[in-house]
Amino acid sequence: MIKVALAGNPNSGKTTLFNRLTGLQQKVGNFPGVTVDRKTGVLNHRDCEFQLIDLPGTYSLHPTSEDERITSSILLQPDDVDYPDLVLYVLDVRSLEQQLLMLTQIMDLGLPVILTVTMIDEWAADGVSLKKERLQQLLSCPVHFVSGKTGENLDDLKDQLVDCSSDLQKPAPFYSLQQQEQFILEQVPEDLFHPKLSPYGRLVTIEHAPELKLLTKEHRDQCSQVVKDHQFNSIKSQVHETMARFEQIQPLMDKVVKRSGSPQSMTDKIDRVVSHPYIGPIIFIGVMLLIFQAIFSWATYPMDGIEWVFASLSSSVQNLLPDAWYTSLITEGILAGLGGVLVFIPQIAILFLLLSLLEEVGYMSRAVYLFDKFMSRFGMNGRSVVAMVSGGACAIPAIMSARTIANPKERLLTILVTPFIPCSARIPVYIVLVGFVVPAETYYGPFNAQGLVFMGLYVFGIVAAFGGALLLRPFVSGQTSGFLMIELPDYRSPSWSTMLLTVKNKVGAFVIEAGKIIFAISIVLWFMASYGPGNSIEQAAEAAATEAQEMQWEPSRTENYIAAKKIEASYAGHLGKWIEPTIAPLGFDWKIGIALLTSFAAREVFVGTMATIYSIGDTADELSVRDRMAKEINPKTGGPRYDLATSISLLLFFALAMQCMSTVAVVKKETNSWKWPILQFVFMTGLAYLASLIAYQILSQI
Amino acid sequence: MSQLVDVKPGEKKTLMGFENPMIGLRLLSMGIQPGTEIWVRRTTFNGQTYYIHAGGKNIAVRKKEAASIRVQ
Numbered sequence: 001m002i003k004v005a006l007a008g009n010p011n012s013g014k015t016t017l018f019n020r021l022t023g024l025q026q027k028v029g030n031f032p033g034v035t036v037d038r039k040t041g042v043l044n045h046r047d048c049e050f051q052l053i054d055l056p057g058t059y060s061l062h063p064t065s066e067d068e069r070i071t072s073s074i075l076l077q078p079d080d081v082d083y084p085d086l087v088l089y090v091l092d093v094r095s096l097e098q099q100l101l102m103l104t105q106i107m108d109l110g111l112p113v114i115l116t117v118t119m120i121d122e123w124a125a126d127g128v129s130l131k132k133e134r135l136q137q138l139l140s141c142p143v144h145f146v147s148g149k150t151g152e153n154l155d156d157l158k159d160q161l162v163d164c165s166s167d168l169q170k171p172a173p174f175y176s177l178q179q180q181e182q183f184i185l186e187q188v189p190e191d192l193f194h195p196k197l198s199p200y201g202r203l204v205t206i207e208h209a210p211e212l213k214l215l216t217k218e219h220r221d222q223c224s225q226v227v228k229d230h231q232f233n234s235i236k237s238q239v240h241e242t243m244a245r246f247e248q249i250q251p252l253m254d255k256v257v258k259r260s261g262s263p264q265s266m267t268d269k270i271d272r273v274v275s276h277p278y279i280g281p282i283i284f285i286g287v288m289l290l291i292f293q294a295i296f297s298w299a300t301y302p303m304d305g306i307e308w309v310f311a312s313l314s315s316s317v318q319n320l321l322p323d324a325w326y327t328s329l330i331t332e333g334i335l336a337g338l339g340g341v342l343v344f345i346p347q348i349a350i351l352f353l354l355l356s357l358l359e360e361v362g363y364m365s366r367a368v369y370l371f372d373k374f375m376s377r378f379g380m381n382g383r384s385v386v387a388m389v390s391g392g393a394c395a396i397p398a399i400m401s402a403r404t405i406a407n408p409k410e411r412l413l414t415i416l417v418t419p420f421i422p423c424s425a426r427i428p429v430y431i432v433l434v435g436f437v438v439p440a441e442t443y444y445g446p447f448n449a450q451g452l453v454f455m456g457l458y459v460f461g462i463v464a465a466f467g468g469a470l471l472l473r474p475f476v477s478g479q480t481s482g483f484l485m486i487e488l489p490d491y492r493s494p495s496w497s498t499m500l501l502t503v504k505n506k507v508g509a510f511v512i513e514a515g516k517i518i519f520a521i522s523i524v525l526w527f528m529a530s531y532g533p534g535n536s537i538e539q540a541a542e543a544a545a546t547e548a549q550e551m552q553w554e555p556s557r558t559e560n561y562i563a564a565k566k567i568e569a570s571y572a573g574h575l576g577k578w579i580e581p582t583i584a585p586l587g588f589d590w591k592i593g594i595a596l597l598t599s600f601a602a603r604e605v606f607v608g609t610m611a612t613i614y615s616i617g618d619t620a621d622e623l624s625v626r627d628r629m630a631k632e633i634n635p636k637t638g639g640p641r642y643d644l645a646t647s648i649s650l651l652l653f654f655a656l657a658m659q660c661m662s663t664v665a666v667v668k669k670e671t672n673s674w675k676w677p678i679l680q681f682v683f684m685t686g687l688a689y690l691a692s693l694i695a696y697q698i699l700s701q702i
Numbered sequence: 001m002s003q004l005v006d007v008k009p010g011e012k013k014t015l016m017g018f019e020n021p022m023i024g025l026r027l028l029s030m031g032i033q034p035g036t037e038i039w040v041r042r043t044t045f046n047g048q049t050y051y052i053h054a055g056g057k058n059i060a061v062r063k064k065e066a067a068s069i070r071v072q
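Those protein sequence lines, which keep their order, are chains Y and X. Quick note on numbering: the first sequence equals residues 1 to 702 in the numbering used here. Quick note on numbering: the second sequence equals residues 1 to 72 in the numbering used here.
In case anyone wonders, no lab produced these hints; they're calculated from the structure. Computed from a predicted structure; not experimentally measured. Wrong hints could be hidden among the right ones.
For the chain X half of the interface with chain Y, some residues (derived, Cβ under 10 angstroms), not all of them [said to hold, decoys possible]: (1) Ser2; (2) Gln3; (3) Gly24; (4) Ser29; (5) Lys57; (6) Ala60; (7) Val61; (8) Glu65.
We put the CB at the ideal spot given by N, CA and C, even for glycine.
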């Protein structure tokens, strides 16, 4: 099997070509230690098997940002699992000479290279013509023209891969090291370096030694020492090298490229509006509202469908199987868990379809441009706006969308604060509770008071997210982007296959990685709500049945009453009572305690649990739950249980606490560690406790 | 010689060099070399982020980055 790495500048059409070559045979994972997409795929052609990897887009082997470091660290370390046998260098002809910089660097590493020029359809229209044979001769490496979109000439490229792999040839060096660079190289013993590394590769290794993880500590220290001892100005040398390369490239280009007409006019016209200082942000907010609308309301139809399928499955299983523990495990544990995973697919699919469309056409970098200053104040990125707006529908796809933020610190902060944005699962809880804060038919002028409270809760969530970012900023290690300097690529038509593959990869990764955690927690929650210590559940059920018989209640009332007594006797009930002293200062009793525990499955479960606890059956809607809760009396005060103080305290708790196992699971997946979801859980729930405590203690005094 | 921050949008200039070598290296890697034509197309409403055109590319830079780009 031959390892082929696709390298090239950002926006060079590299990923489209990668998708063309590997199709559905690709896997998305993480590079070790970082959550940057590591896309690999298999290509079989003429009895040859190739393993392809799509390296993060970079301008140069001298990295200036953390994601760019991945590419240079792979190409500089022959011990890396992803170190290629052959590099497929992808460039887009419109800025040919600029993109040749890294090609010449890779050639100097001694890696066999095939040059692939993409977007041949676009540049013909731009009046660019390129002499292929001449370029091939001047660079002395095979050159290919392909169209990533239509797949034109793709088979020739595959043939070339097969031909090249049987005869891997090291290219001739392009850049000759300066005297000083040569001198520094001689100061580090040659046997420290991997024998495959060329002299230029060794020089770059010395310049970037602290960032190369596979080097031994001794090797790294020695490189740093040499740089220090000889006062080698690494940056200056990199600048010099880059300039020298361009000086060599420029005369070559004059021989191979012809340009007529001025490209980019379309992009300029669009950007006059879309990147306008005032109209631009308005358009962006409009686009974001459209996305919000899409995941908020369009997704409900397939979501209702998925829920319906699982509800019918569950009831048919209940009808088919005897009333035993395994029936309850299947229906309330396994099926509920599976449904709880699959129900997120519509939102994830719709969000990523729209986001990859925006990414493909080149719009996303405009969002970064427009919101860079505002978001960088909070330690975040222009792209964080997208995650936060999507979080208004659901934090799960929103957190997954943060992956496009290249800087690790900015991405982590975005992931940590996005769950503060009020998601749709909070709405049923808010609907139930808001009635206890203000009566339904109250108006302040033209405004409905409940509507105002609702709006207040949204504003509160958004403020909490930005405030949370400021609070957490010092605890997240790493640096926020020292600089912006991103390219605003020309607008272009999207590649539909790339969009669909993005959706497929995102949904697949969610179901497999986050799904198993959600599933496991569902089973635990089912167990806690269905089992109790010893035979306490059976006893409680029997006692309740006898009681109901004495009262001569109708069957449905009896059933609801038994369900209420059963959950009280379960582990969840015990746990609810056990935490009562802790939550009493917030104005909560053990019944609310149970609901807080079970709603960790998902916030909206609160309503269902309340319905069970107050024995009104599980078909109950929000309003009947609210009516029943309104009748609940607080034994200590004799007044209503859900008075203003308790209700506001509970609202604040739901606004701030991390009451969502799926978010925990997806944060674990996206940060690749348990540290951050646990920290996030403690931070959010702690903040919720504090806010509820203060609110209740103040409000219950007046 | 002036800095890119002092140049009015639309006014075409020649790139002379960089005050901060890291910023210089990044722009150089993107193919923006001294001697190339450079101008500011527009800024964001708060004037903190610059939409510049250089070396045939559109690039977004922060104000302090624009301040380290020397032009003539």
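Please name the hints from earlier in the document that this structure breaks, with their numbers sorted from lowest to highest. Numbers 1 and 2, in rising order.
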